[in-house]
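Number of protein chains: 2
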Amino acid sequence: MGEIYSMKEALIFSQRVAQLSKALWKVIENDIQRWIKPFNLNINEYHILWISYYLNGSSISEIAELGVMHVSTAFNFSKKLEERGLLQFLKREDDKRNTYTQLTDKGKEIIISLLESYQREDNDLVSASLPLRNLYGKFPELLELKAIIRNINGEKFMDTHEQIFQHLEKDFIEEKVK
Amino acid sequence: MGEIYSMKEALIFSQRVAQLSKALWKVIENDIQRWIKPFNLNINEYHILWISYYLNGSSISEIAELGVMHVSTAFNFSKKLEERGLLQFLKREDDKRNTYTQLTDKGKEIIISLLESYQREDNDLVSASLPLRNLYGKFPELLELKAIIRNINGEKFMDTHEQIFQHLEKDFIEEKVK
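Top line first, the protein sequences correspond to chains L and C. If you read the first sequence in the UniProt record's numbering, its first letter stands for residue 1, the second for the next number, and so on. If you read the second sequence in the UniProt record's numbering, its first letter stands for residue 1, the second for the next number, and so on.
What the hints contain is simulated information worked out from the structure, not anything from laboratory work. Incorrect hints may appear among the rest.
[Claimed, not checked] Here are the computed lysine-lysine pairs in the DSS-like style, where the Cα-Cα straight-line distance is at most 27 Å:
hint : chain 1 : residue 1 : chain 2 : residue 2
1    : L       : Lys37     : C       : Lys26
2    : C       : Lys26     : L       : Lys146
3    : C       : Lys37     : C       : Lys106
4    : L       : Lys170    : L       : Lys138
5    : L       : Lys8      : C       : Lys138
6    : C       : Lys106    : L       : Lys26
Bound-form chain L, shown alone (with noise of 0.2 Å):
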């Protein structure tokens, strides 16, 4: 299976895709920061928040799977949340040697506030999918980008993200955000 293409196709497709993950990820980026910059806080710290507000009580190990982040990096991180006041670690009652994180009532008002404060108008990457909104009747799914990344994520990854959005789906009164 590893044999039928060139050594050419890979390197140009991985440039390529390269190429556009960067441009992705930076305007990304961008949209992120500007969303969050009034409530103080970096990607790392709302991407901790966002998910644990919604897995409500994960290890630091799953956050940094689910977040891709080191788990270093998310345990860091999560400290700073904790040293604010928005996160807090606890114990497991049945077993006392595994920690993990659940937001507290001040993290959890941070991202209905996030939620609340979110612009579409504001979003880059929102407005540049808007033609192939019009033209499919719904937002791109990038079916193929996703099944790579089911490839090297993983299912579990790949669910759980989509169990947030489902969450996120049920959860989020439109006129909150108006």
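Since the structure of chain L is already known, use the hints to place chain C on it.
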């Protein structure tokens, strides 16, 4: 045009793409870092060398634009490459105020060695895309993603990268990398 989609739809779409994008960039970053490690380069330096190799004389702002990096990042890492004798800063004959950069012979050799050392088996993105390659008969084109990036970074960005890939297509001698 901006009114036909809901805030929720935009938010879920942008979160979904953010998660895919972060995972994709992480795997590409790791692939590139593994590839360039023996050459003692970081990703920005590699990217500057790569662009300069194919453009053959570019300004710092062109490098920044094509490499999706800050102008100061492009400048600082170009200076480091100059110190290592891989890149030189030159003045335009016709306009002495304009500086441009060009690879030295040593800089060109490093790009050729990089290409020669490329191992498709050592690339997680390529491995993860093989099932699509087998299905389509070619690597996926990620056309939706491409359309989004075209809307954000513009036609010139896409065209110049396309030219680079066409150069690569022509120059690349398959035997070299065996």
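Outcome of the hint check:
This hinted pair checks out: Lys37 (chain L) and Lys26 (chain C) have alpha carbons roughly 23 Å apart, not beyond 27 Å. Of the pairs offered as hints, the one joining Lys26 (chain C) and Lys146 (chain L) holds, with about 14 Å between alpha carbons and a cut-off of 27 Å not exceeded. Restraint check for Lys37 (chain C) and Lys106 (chain C): the C-alpha separation of about 17 Å stays at or below 27 Å, so the hint holds. Note on Lys170 (chain L) and Lys138 (chain L): the hinted pairing holds, with a Cα-Cα distance of about 18 Å set against a maximum of 27 Å.
Proposed proximity of Lys8 (chain L) and Lys138 (chain C) is supported: the alpha carbons are some 12 Å apart, at most 27 Å. Proximity of Lys106 (chain C) to Lys26 (chain L) is assessed by CA-CA distance (about 31 Å); at most 27 Å being required, the pair is judged violated.
The structure shown violates just one earlier hint, number 6.
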